[in-house]
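So the chains spell out like this:
Number of protein chains: 2
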Amino acid sequence: MTHLTPVEGNSRMIRMDADEIQELEAYANTISAAVEEELDTLLPNVDGNEEDRLFEAMRYSVFAGGKRVRPLLIMATNEIMGGNKKRAMRVAAAMECLHTYSLIHDDLPCMDDDDLRRGKPTCHIQFDEATAVLAGDALLTMTFEILSDVDTHPDPNVRMRLVALFAEAAGARGMVGGQMMDMLAEQHGKKDFDQGALARLQRKKTGALFSASCEAALILNGGTRDEFHRFTSYAKNLGLAFQMVDDVLDEVGDEAKLGKRTKKDAGRGKATFARLLGVDGASRQAEFLVQQAVDYLRPFHNKARVLDLLARFVVCRTH
Amino acid sequence: MTHLTPVEGNSRMIRMDADEIQELEAYANTISAAVEEELDTLLPNVDGNEEDRLFEAMRYSVFAGGKRVRPLLIMATNEIMGGNKKRAMRVAAAMECLHTYSLIHDDLPCMDDDDLRRGKPTCHIQFDEATAVLAGDALLTMTFEILSDVDTHPDPNVRMRLVALFAEAAGARGMVGGQMMDMLAEQHGKKDFDQGALARLQRKKTGALFSASCEAALILNGGTRDEFHRFTSYAKNLGLAFQMVDDVLDEVGDEAKLGKRTKKDAGRGKATFARLLGVDGASRQAEFLVQQAVDYLRPFHNKARVLDLLARFVVCRTH
Chain A
1356 MTHLTPVEGN SRMIRMDADE IQELEAYANT ISAAVEEELD TLLPNVDGNE EDRLFEAMRY
1416 SVFAGGKRVR PLLIMATNEI MGGNKKRAMR VAAAMECLHT YSLIHDDLPC MDDDDLRRGK
1476 PTCHIQFDEA TAVLAGDALL TMTFEILSDV DTHPDPNVRM RLVALFAEAA GARGMVGGQM
1536 MDMLAEQHGK KDFDQGALAR LQRKKTGALF SASCEAALIL NGGTRDEFHR FTSYAKNLGL
1596 AFQMVDDVLD EVGDEAKLGK RTKKDAGRGK ATFARLLGVD GASRQAEFLV QQAVDYLRPF
1656 HNKARVLDLL ARFVVCRTH
Chain B
1356 MTHLTPVEGN SRMIRMDADE IQELEAYANT ISAAVEEELD TLLPNVDGNE EDRLFEAMRY
1416 SVFAGGKRVR PLLIMATNEI MGGNKKRAMR VAAAMECLHT YSLIHDDLPC MDDDDLRRGK
1476 PTCHIQFDEA TAVLAGDALL TMTFEILSDV DTHPDPNVRM RLVALFAEAA GARGMVGGQM
1536 MDMLAEQHGK KDFDQGALAR LQRKKTGALF SASCEAALIL NGGTRDEFHR FTSYAKNLGL
1596 AFQMVDDVLD EVGDEAKLGK RTKKDAGRGK ATFARLLGVD GASRQAEFLV QQAVDYLRPF
1656 HNKARVLDLL ARFVVCRTH
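As they're listed, the protein sequences go chains A and B.
Residue numbers for the first sequence follow the numbering used here, so the first one is 1356 and each next one is one higher.
Residue numbers for the second sequence follow the numbering used here, so the first one is 1356 and each next one is one higher.
In case anyone wonders, no lab produced these hints; they're calculated from the structure.
Heads up, a few of these hints could be off.
Pairs count within a copy or across copies, as identical chains cannot be separated in the list.
Derived lysine to any residue pairs resembling SDA-like cross-links, with alpha carbons at most 25 Å apart [stated by the list, open to error]: (1) K1440 - Q1377; (2) K1440 - N1512; (3) K1440 - T1579; (4) K1658 - H1584; (5) K1441 - R1516; (6) K1440 - D1483; (7) K1475 - L1631.
All figures in this text were calculated on a predicted structure; none of them were measured in a lab.
Kindly produce the complete structure, drawing on both the sequences and the hints.
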């Protein structure tokens, strides 16, 4: 489980050399290309009828060039388990539809009101608000359409467990619940919000889908209880560290490199880890979480290399 | 299939007497009470933590007193098939979550911008826009959580088919696609919109969930190909007639009785059946569709009585 006591001392206990970064990037690029090919098949590029605009908006946001972290978690975990690539790739595509829906709705004027994401206009800026709401709704719905299809896995019990997993992770007790806490936190200002509350919020908002990504790969391959424990612990720590570094980059990062506005959260008086722990404190805390995450996967030795690289990259990245 | 050629002559070929209306109302009230009890169990009334507001908003909209037409379709079809009531009731609750989500998002300022529904403030008026977006998202997600749970049906193949059915009916090629067409129709004005286009729009927007309601009950009970044909034809005709009468009531209905603003669609120059066919034309067309709907269920004789009453009520209702 995650501990949030700040770590004293050396501010860079985790390092990556250029070769390691290159190795991770090569893997990530392969996964990105493959999941985008899958999404391209699943999201038809139709022309000439009234629904065009809806599919156009769905495709616009899905292909806006995300980091595809969740697909990477699914595919890397699936590889450790020796699983079928084609099936895992469909699950990865479904996860990316789910993640994209959450970004589209989060960016809406009534939510985070962001006009830029990954260096491109957000969905409601490129299209309009109504189209953005509907494109998000359609992508959320499509997630379950993909998972329930026999092509995802021949065993209906496995598909059923995937649907249940995604719904629970995304719903009122998971991601949407986290987003609601986030909205309330903003309204209250940071005065009512301590580190524990912020961690709970982020475990739902980011952690739920990170964890569900690993769990999905385990469900596809009949993972053991111990494997579920190790991978979900890895994923939750990773998600929290990822959010902490995001907060740090929002404070000190380069807008051009990040492809989005910085200092937005802080500017609105929103509680962030960087504000609560300081930039150094949040960075060190993220390192500690990543160290723990990496430890959970030790029993898998070199098979878990990609997930080890990914975890370390989370705290070494500059954008 | 539906034909839209206006019917000449007598404007009231379908009638209902007071006893028949009372019989339908008694059945509808029983279903409403039962589905609300089911929803009350599924949507916990939690207190004292940050997610409260989200569940509060979900409950507010779910219990805002709808007609529960889709649950009635599910339960009545299930009864004709001699099915298990408890299972069908869970599917009915899931359908009502799906329907409620669509109403919450449809009412948003960037969509239909409605401040009143069923005589009560809409979700974004009672709470706020962000909460309404998230409550809708959570209800959509919860639909699939309910369906994937083993309590809905012990056979995972059946649950899987229900998830696939709901996702397809609700998604970009179904309800959300219809809503998108509706938005575009409003932007274009009615000049590009003929009766055929409007019928296509409504088959997606209303018809998809009406049809899926009957189909869900058939999936639960292993319906035959012929049964699927008859019930989906019934439901699609019913949905279209329902929308035509809604358009008529929007023109000539009583705001207090309807519990919502009237003449809104027309006021925005939106294409409606009442505008395209005239109030009399749309009423007669609705009667014709209902007559067809009733005919599809003739082989079930008196077992289909409730669905027969419901279809006739659609054209006889005044609110």
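Report task. Would you list, in rising numerical order, the hints stated earlier that this structure does not obey? Result -> Violated: hints 6, 7.
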